[in-house]
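Visitor: Protein chains in written order, with my numbering: chain A, 15 to 208; chain B, 2 to 429; chain C, 7 to 80.
The set of hints was computed from the structure by calculation and includes no laboratory data. Possibly wrong hints are sitting among the right ones.
[Said to hold, decoys possible] Simulated restraints on C-beta separations:
#, chain 1, residue 1, chain 2, residue 2, range
1, B, G245, C, T12, 36 to 44 Å
2, B, R121, A, L199, 38 to 46 Å
3, A, A65, B, S286, 50 to 58 Å
4, C, P51, B, E260, 52 to 60 Å
5, A, V184, B, R298, 55 to 63 Å
6, B, P186, A, V155, 26 to 34 Å
7, B, D363, A, V177, 48 to 56 Å
8, A, L73, C, L54, 23 to 31 Å
9, B, P186, C, I44, 19 to 27 Å
10, A, L199, B, H314, 49 to 57 Å
11, C, D76, A, L199, 35 to 43 Å
12, C, T12, B, H409, 20 to 28 Å
13, C, L54, B, L288, 50 to 58 Å
14, C, E33, A, A95, 36 to 44 Å
[Stated by the list, open to error] Not the full set, but computed from the structure, chain A residues with beta-carbon under 10 Å of chain C:
#, residue
15, T50
16, R131
17, Q132
18, K197
For glycine and all other residues, C-beta sits at the position ideal for the given N, C-alpha and C.
Spelled out, the chains give:
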Amino acid sequence: MNHVLTSGPVWYLMRASCVVSLLLLSAVSALGVATTSRLRPARLPRFVTLALHRNVSLLAVAFLSLHVLTAVIDPDATVRAVAVILPLPSSRYGLWLGLGALALDLIIALIVTSLLRQHLAPRIWRALHYLAYLAWPVALVHGAGIGTDSGAMWMLVVDAACVAAFGASVALRLLTAPSPASKHLSPPRVRVAP
Amino acid sequence: MSVAVQPRQRVATLPRLLPPAGADASLGAHIERYGHLPGLRGEGRALISAVEASGLRGRGGAGFPTHLKLAAVAAGRSPIVVANGIEGEPASHKDSLLMQINPHLVLDGAAAAAACVGARTIVIAVNRSATSAHASLAGAIAERAGAGSHAQFELVTPPDRFVAGEETALVQWLNGGPAKPAFVPPRPYERGVRGRPTLVQNVETLANIALIARHGPDWFRELGSESEPGSMLVTLGGAVGRPGITELESALPLRAALERSGDSDGAARAVLVGGYFGAWVPLVSALDAPLSEAGLRPLGVSLGARSLTVLPHATCGVVETARLAAYLAGESAGQCGPCVFGLRAIADAIGSIAACEPGANDALRRLRGVAPQVTGRGACAHPNGATRLVASALTVFRDEFAHHVAGHCTARSFEPVLPIPAGRAEWR
Amino acid sequence: MSRRATHLRVNPIRCDAFGHCAELLPELISLDEWGYPIIAEGPVPHGLQQEARRAVSLCPRLALLIEQRDADSA
Numbered sequence: 015m016n017h018v019l020t021s022g023p024v025w026y027l028m029r030a031s032c033v034v035s036l037l038l039l040s041a042v043s044a045l046g047v048a049t050t051s052r053l054r055p056a057r058l059p060r061f062v063t064l065a066l067h068r069n070v071s072l073l074a075v076a077f078l079s080l081h082v083l084t085a086v087i088d089p090d091a092t093v094r095a096v097a098v099i100l101p102l103p104s105s106r107y108g109l110w111l112g113l114g115a116l117a118l119d120l121i122i123a124l125i126v127t128s129l130l131r132q133h134l135a136p137r138i139w140r141a142l143h144y145l146a147y148l149a150w151p152v153a154l155v156h157g158a159g160i161g162t163d164s165g166a167m168w169m170l171v172v173d174a175a176c177v178a179a180f181g182a183s184v185a186l187r188l189l190t191a192p193s194p195a196s197k198h199l200s201p202p203r204v205r206v207a208p
Numbered sequence: 002m003s004v005a006v007q008p009r010q011r012v013a014t015l016p017r018l019l020p021p022a023g024a025d026a027s028l029g030a031h032i033e034r035y036g037h038l039p040g041l042r043g044e045g046r047a048l049i050s051a052v053e054a055s056g057l058r059g060r061g062g063a064g065f066p067t068h069l070k071l072a073a074v075a076a077g078r079s080p081i082v083v084a085n086g087i088e089g090e091p092a093s094h095k096d097s098l099l100m101q102i103n104p105h106l107v108l109d110g111a112a113a114a115a116a117c118v119g120a121r122t123i124v125i126a127v128n129r130s131a132t133s134a135h136a137s138l139a140g141a142i143a144e145r146a147g148a149g150s151h152a153q154f155e156l157v158t159p160p161d162r163f164v165a166g167e168e169t170a171l172v173q174w175l176n177g178g179p180a181k182p183a184f185v186p187p188r189p190y191e192r193g194v195r196g197r198p199t200l201v202q203n204v205e206t207l208a209n210i211a212l213i214a215r216h217g218p219d220w221f222r223e224l225g226s227e228s229e230p231g232s233m234l235v236t237l238g239g240a241v242g243r244p245g246i247t248e249l250e251s252a253l254p255l256r257a258a259l260e261r262s263g264d265s266d267g268a269a270r271a272v273l274v275g276g277y278f279g280a281w282v283p284l285v286s287a288l289d290a291p292l293s294e295a296g297l298r299p300l301g302v303s304l305g306a307r308s309l310t311v312l313p314h315a316t317c318g319v320v321e322t323a324r325l326a327a328y329l330a331g332e333s334a335g336q337c338g339p340c341v342f343g344l345r346a347i348a349d350a351i352g353s354i355a356a357c358e359p360g361a362n363d364a365l366r367r368l369r370g371v372a373p374q375v376t377g378r379g380a381c382a383h384p385n386g387a388t389r390l391v392a393s394a395l396t397v398f399r400d401e402f403a404h405h406v407a408g409h410c411t412a413r414s415f416e417p418v419l420p421i422p423a424g425r426a427e428w429r
Numbered sequence: 007m008s009r010r011a012t013h014l015r016v017n018p019i020r021c022d023a024f025g026h027c028a029e030l031l032p033e034l035i036s037l038d039e040w041g042y043p044i045i046a047e048g049p050v051p052h053g054l055q056q057e058a059r060r061a062v063s064l065c066p067r068l069a070l071l072i073e074q075r076d077a078d079s080a
């Protein structure tokens, strides 16, 4: 094994990138909803556009990749490469690692379908993008169950902040959903002649 | 030109498409009357040339040169022919009648078109409510199968919506979706049913192709005008002597068409040209106009589906138009904001004026202000038609509108003239 | 040889009146009373091409389209 890769720095990098990823994913979901919500006030800063949502999601993917990579190469973590995308039973981490793999799969699906959006029927893209609401909680539970810092105070604060951000996104989305039904009106009353 | 010209029944007179009333619609009688459709294997291109030489234009409302459509689809791979018998226009019944009393000519036309484009699949679309036409076609298809015909006809019944006959709406329904218009491009001739090049052709146009295949383009041109030759089926309604479907030579002046229909209301002042997708025209200026696209263009109307309804002088044009506006608003496919909200605003405004409600001046202003925000901003031409119809009413019924704004209506009859289908049909 | 010009077009079926396009490209796009975009006639001016592409990319429904049409067509 490579002695350069002591468990120290790699291990900490993995945990740090885990926290940053969670924060970024929460920001992504909040931005996604805020940008497309009907409640979007006119005074919302001009830079809060879909471009911001997309850029932050790519940043999240970058940190997520770092997190996954460090988990695999870390000699102490004993995470097999394939376990990163296949939820396999793990003797050491059990269910929690599998959840991480599931979350990563879902996020990969979100990214790929969004990059190929022009070639997908709108309804299909939209249905798949709803997977975001599944990916986030799965990622959170994965982190809470597998993480060594889960009990630490600062981690709980971070978790709470992320849950609050995500929860607010979901609430806002449910309350102000722009749906195709907005183009439906009941048929006009045919007035009888005077 | 290698299309055989049949000496039998070289009629330079009418009728061409409509057999005599009560005539036998069986295969035997059909062959007796029209002769056999010439063998068209390998003759597809020649027939397209014949159709081009004949100057045939679509009889479904758009009036597009038929040979262009045939050539465009023929250039594609594995095309499909769809015979469009969908008549969403309540004021038009010509296609249903044609399919009912002359099913074999329609099937001949579909088969001929299939030979033109190289299609092996033929779909015949009939309104769900047109049960007589459906029964007639089903019987004719069964007769052909029994007689050993190779062509495969599939009979389908899309729902009865105003826009269901629009070619992209029909294609979308055939593909398993609702009968709602789709955004173009791609047009059906490029990518339609199951992604294949699709020829969507009106049944009357197809019937004409069947006759051109037998008698040639010169025969076709013996009637009608140079630019718009042939005959046409016209639905006459309202204050005419004999309401119903009649076959006329193309470009016949309206006056002659009305005379052939018997006595009409001499005091009538307006005629609805082109059905609910058309527009009102003062009768006095329309009487001498030839019933052709070129002849009607100076009046600002299009022949469309060839439905002409003369408004009885005792009926109020404002009230009738308001009823139409409400119907058309309800027939929006609900896909495009400007159509959904714009047609609704128009219907509400003219409805309010028709009912002599207070605030008519505001309603009138609203009517004029909404129209430019609506026309051309939908995926299909439905909002354009509705806007055009109401705009024509504002001009033609100017006096009646003034009366309504003042709070009263001078009509003596409130019996509805223009048929509005009751109930709402589904989209699938 | 016909020159091709860039035109903006909205797919009214996809459009759900978010109004982002009008915010991003007010020079060419305004909103009607119901919030749906009205696009100015004519080709996209050279100086606004990049903004136009950006507006197309940022439509939440991908309803705004860029089309290349012959320079002499409307």
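Visitor: Run every hint past the structure and note whether it holds.
Guide: Results for each hint:
| no. | hint | result |
| --- | --- | --- |
| 1 | B/G245 x C/T12: 36 to 44 Å | 52 Å, violated |
| 2 | B/R121 x A/L199: 38 to 46 Å | 43 Å, holds |
| 3 | A/A65 x B/S286: 50 to 58 Å | 57 Å, holds |
| 4 | C/P51 x B/E260: 52 to 60 Å | 57 Å, holds |
| 5 | A/V184 x B/R298: 55 to 63 Å | 57 Å, holds |
| 6 | B/P186 x A/V155: 26 to 34 Å | 46 Å, violated |
| 7 | B/D363 x A/V177: 48 to 56 Å | 52 Å, holds |
| 8 | A/L73 x C/L54: 23 to 31 Å | 29 Å, holds |
| 9 | B/P186 x C/I44: 19 to 27 Å | 22 Å, holds |
| 10 | A/L199 x B/H314: 49 to 57 Å | 35 Å, violated |
| 11 | C/D76 x A/L199: 35 to 43 Å | 38 Å, holds |
| 12 | C/T12 x B/H409: 20 to 28 Å | 55 Å, violated |
| 13 | C/L54 x B/L288: 50 to 58 Å | 52 Å, holds |
| 14 | C/E33 x A/A95: 36 to 44 Å | 51 Å, violated |
| 15 | T50 | 5 Å, holds |
| 16 | R131 | 6 Å, holds |
| 17 | Q132 | 7 Å, holds |
| 18 | K197 | 8 Å, holds |
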